[in-house]
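Residue numbers for the sequence shown follow the working numbering, so the first one is 13 and each next one is one higher.
If you are wondering where the hints come from, they were derived from the structure by calculation, not from laboratory data.
Backbone N, C-alpha and C define an ideal beta-carbon position, used for all residues, glycine too.
Do not rely on the hints blindly, as some may be mistaken.
Using C-beta positions, here's what the derived DEER-type ranges look like [unchecked claim]: (1) Pro74 / Asn113: 18 to 24 Å; (2) Pro315 / Gln41: 50 to 56 Å; (3) Arg200 / Asp103: 32 to 38 Å; (4) Asp101 / Asp44: 24 to 30 Å; (5) Gln41 / Asn113: 17 to 23 Å.
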Amino acid sequence: MGTDAFRYRLITRSDFDGLVCAALLRELQMLDDIMFVHPKDMQDGLIEVTSRDIITNLPYVPSCHLCFDHHCSEAVRNGNVVRQNYILDPDADSSARVVYNYFGGTNRFKRICTEMMEAVDKADSARFSREEILNPRDWVMLNYIMDPRTGLGRFREFRISNYQLMLALIDYCRTHTIRQILALPDVRERIDLYNSQREEFLEQIARCSGVSGNVVVLDYRREETIYSGNRFLVYALFPECNISVHLLRSRQPGTTVVAIGKSILNRTNPVDIGSICLQHGGGGHAAAGTCQIPSIEVDDLVPAIVRGLDKSIEPMELAAAGA
Numbered sequence: 013m014g015t016d017a018f019r020y021r022l023i024t025r026s027d028f029d030g031l032v033c034a035a036l037l038r039e040l041q042m043l044d045d046i047m048f049v050h051p052k053d054m055q056d057g058l059i060e061v062t063s064r065d066i067i068t069n070l071p072y073v074p075s076c077h078l079c080f081d082h083h084c085s086e087a088v089r090n091g092n093v094v095r096q097n098y099i100l101d102p103d104a105d106s107s108a109r110v111v112y113n114y115f116g117g118t119n120r121f122k123r124i125c126t127e128m129m130e131a132v133d134k135a136d137s138a139r140f141s142r143e144e145i146l147n148p149r150d151w152v153m154l155n156y157i158m159d160p161r162t163g164l165g166r167f168r169e170f171r172i173s174n175y176q177l178m179l180a181l182i183d184y185c186r187t188h189t190i191r192q193i194l195a196l197p198d199v200r201e202r203i204d205l206y207n208s209q210r211e212e213f214l215e216q217i218a219r220c221s222g223v224s225g226n227v228v229v230l231d232y233r234r235e236e237t238i239y240s241g242n243r244f245l246v247y248a249l250f251p252e253c254n255i256s257v258h259l260l261r262s263r264q265p266g267t268t269v270v271a272i273g274k275s276i277l278n279r280t281n282p283v284d285i286g287s288i289c290l291q292h293g294g295g296g297h298a299a300a301g302t303c304q305i306p307s308i309e310v311d312d313l314v315p316a317i318v319r320g321l322d323k324s325i326e327p328m329e330l331a332a333a334g335a
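Modelling step: build the complete structure from the supplied sequences, incorporating the hints.
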């Protein structure tokens, strides 16, 4: 695998899971190029995929060399058909873990620190404590600033682009400690911006949110500026809610992004969000998912989605009350 004849392009998401997937495959000397794409572009067939492409954490495309994923909705989307080039493990906490296990784990990745693998599992399965949400440190902080949903890229031109930083971190994550990584000027620059917008972010959540039963809905469609911040902070602010729905303007005219996520602090909602989003042309896994719907249908579809999310926990509440 270390020869040029067997090197591939990685197609993945621009987030912490994608970063670690790239680091693992780079460690095996399997990559000669990396492409960061949006899941919707893969679903819509906008990305040309060939036999020299490896896909991670994105929808499966039959023409790829290998595809690694852990999203349960992809099993449904692909009809639970077994394919030799499709390595799907819905029980894994991250796509990076699927890659890691497939190629031999600790026996093969002797230079990859277990702390990083534990961190990417924690990040992609959102197993953060309230303290880690409010006061992130180390790998948790790196995950937040590399997550596109944090929104740092909307506010300033950094010294280097997020793409360039991702490429640099692929090697740094294999050879440096997390303290050394966080001390890099280009990482520090993003941490400083993250911290500087905390108060505006908190105020915006309070202004744009509404609670319907156990669901907190955040409507950002009319916001000129959406401040950067930790996407899990809403769960610390609304501990009584066990699921959130974010409404956002889409980059595609005439459509609205609906992002649904279970609270990572109040884990009482049994809904399979990935399956719900799949019904509306999107996807995800049991705890989080997104879809894009026509903007003219938002007023009809979103209340129905919210009612379904809220009703789903009533049997559990009744059972608990009768216990």
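Verification of the supplied hints:
1. A beta carbon spacing of about 23 Å between proline 74 and asparagine 113 agrees with the range 18 to 24 Å that was offered as a hint.
2. Our hint of 50 to 56 Å for proline 315 and glutamine 41 holds, since their Cβ atoms are close to 52 Å apart.
3. Our hint of 32 to 38 Å for arginine 200 and aspartate 103 holds, since their Cβ atoms are close to 36 Å apart.
4. Between aspartate 101 and aspartate 44 the CB atoms are about 26 Å apart, so this pair conforms to the stated range of 24 to 30 Å.
5. Between glutamine 41 and asparagine 113 the Cβ separation comes to about 19 Å, which falls inside the hinted range of 17 to 23 Å.
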